[in-house]
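Asker: Sequences and hints are given; from them, build the entire structure.
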Amino acid sequence: MEPTATTPAIFDREEFDRLAAEWRYIITDMICRAGSGHLGGALSLVEVVMTLYWRIMRTDPANPRWDERDRLVLSKGHGAPVLYVALASRGFFPPAWLGTLNADGTRLPSHADARYVPGIDMTTGSLGQGLSCACGAAYAARLDGKQHRVFCIIGDGESNEGQIWEAALFAGHHKLDNLIAITDYNKLQIDGFTSDLLSLEPLLDKWRAFGWEVFEMDGHDWDAIYDTLQAALAVRGKPTMVIAHTIKAKGCCVVENKAESHNIKVPDQATYDRFMNALETKAVLPY
Amino acid sequence: MTKDFHDMEMRFVYGETLHELIEQNPNVMCLEADLSKASGTNPTLPSRHPANFLNVGVAEANMISIAAGLASEGKVPFCASFTCFASRRVYDQITISVAYANMNVKIVGTSPGVTAGPNGGTHMCFQDLAIMRAMPNMHVYSPCDALELRSVLRYMASTRQPTYMQLVRHQVAKIFDAEYAFNPDRAVLLREGRDVTLVSTGYMTQFALPLADELRQAGVSVELLHYPSVKPFDAAALVASAQKTRAVVTVENQSILGGLGGAVCEILSEQCPTRVVRLGVPNEFGEVASEQYLFDKHGFGPAHIAAACRRLAAEKG
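Protein chains in written order, with the working numbering: chain Y, 35 to 321; chain U, 3 to 319.
Check each hint, because a few of them may be wrong.
[Stated by the list, open to error] Between beta-carbon pairs, the in silico distance windows are:
no.	chain 1	residue 1	chain 2	residue 2	range
1	Y	D302	U	G122	55 to 65 Å
2	Y	A243	U	P45	30 to 40 Å
3	U	A305	Y	D101	31 to 41 Å
[To be verified] Listed below are several chain U residues computed to face chain Y (Cβ distance under 10 Å; list not exhaustive):
no.	residue
4	M31
5	G59
6	G71
Quick caveat, the hints were computed from the structure, so don't treat them as lab data.
We treat Cβ as the ideally placed atom computed from N, Cα and C, and that holds for glycine.
Answerer: Here it is, written out as structure tokens:
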């Protein structure tokens, strides 16, 4: 039988909205339960990651290393909780694992880890390296005449790293059109707004100047995300960068669009309640 | 007639051996960061195997992480640069993209230690054995001659093991013949002796071997252990020799902090406390200078090795 090559899902806006709210509830609970964690940059990616795993990428949860699968490198490895929820939702591992984020002996560490987590394609966590890894994976695929695509999500703060721009040069020079990168442009990094710390603007022009096709989109709008990623997949002869305008910690109103959401500390029940009550929709936890 | 690799510069042995490895396994790749001529892979590799040769430009960090991505897809990338750039400049990329992620990437540091001579202090790396040895998952090799280099490279291509290897670029003296087979778990007993154990690796072994013979003529019986692998480290061979001689001299083309001498002291202090003298570069940077000048300045040339062996033998009485 053919593996479940093509993803899925018939798009149902209400169902996706409901799922996105559920993911935000689970992600926030996972992090709060762990006592601390990178909330903001996980919540900003919910719609993008859900669209990738449920509408765009070819994967096979029963065979996570399926050779023809599309790859995803979460270069901003601290966004791992949203990836874990996505992978659990697709059946790569039991949803009960989600309750173990960062716990002693867990298989779900704070940063994306291909060694322990079925469905993670690259171990990341030291910023700037994942895009280069994705370049290597895309280059190898082209050498071997393989048809799969390599997606890579980088952060805007991460784009301060010089290695991002080494990779940008490389992918542009080699015209890696099987590489689609996405910038989670939530405009915030640990110490404040990117525009105050180290401005990335004009960001689209920068990527264009490095030889990439560039799109931008509302990273929380289902139609915009899907249509833009489809357009990115159609690009030939150069790599593609999709600038996703997002809101850090979207949906958790007490820290939404605040730098402090980058790595929240949850020392006690009152803080836990504060974060969980800040979410619009409650959900049943799968653990 | 077979080529005599001992008559070649080591860098060309590297290029030639990579060529053979690619012929045997098309997944083997040669990565360079604008130093391909210095590494001896250009023009051999780009002309014979253009698809297996990838020059990323002056971007060593990118090279290492690209190699990790290639390895994740089943490629076997060999990444070369000067030791200073192949180790300390990209230490985090090697740590995370390669060793922590456990990717099958081979890193080749060329012109180790004093052999970087004309490039001077900025390019002279005395720490690579130490910092690479301190990294979990990483194997660390330093072959001493052309045939050992070939055997090490064949071994590297045949295993799924993150590895760092030092490559002296110029021609070195012959130590081994064609029957030699590298085993990372085994030190090589080059000379048996009873008075002093001399432990060497890589570039220094070609100096240590004739010295051991000279000292024997002069009445000092030197047991010479060559370590092509600094990690894993054959502790049993060291301990057995130290139990016999009760005196150990180490010599390396490196800082004496944390490399071969460090490994020897760690093992002996726990398993067989023994008098040890470490020869190499003390806690100092390099400088533009000849090899002889640096040997004399830091005290680890042939004369210093001989003197240390004599001294330890005499101490025992």
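Asker: If you take the shortest Cβ to Cβ gap from G59/U to chain Y, is it below 10 Å?
Answerer: This hint holds: G59/U lies near chain Y, its Cβ roughly 7 Å from the closest one there, short of 10 Å.
Asker: Taking 30 to 40 Å as the hint, is the beta-carbon distance of A243/Y and P45/U inside that range?
Answerer: 32 Å, holds
Asker: May I ask you to test the hint 55 to 65 Å on the CB atoms belonging to D302/Y and G122/U?
Answerer: 57 Å, holds
Asker: Can the hint on G71/U be confirmed by a CB-to-CB distance to chain Y that is less than 10 Å?
Answerer: 2 Å, holds
Asker: Would the stated hint for M31/U survive a check requiring a Cβ distance to chain Y of less than 10 Å?
Answerer: OK, holds: M31/U within 10 Å of chain Y, min 9 Å.
Asker: Between A305/U and D101/Y, is the Cβ distance one that fits in 31 to 41 Å?
Answerer: For D101/Y against A305/U, whose Cβ atoms are near 59 Å apart, the range 31 to 41 Å is violated.
Of the numbered hints given earlier, the model fails hint 3 alone.
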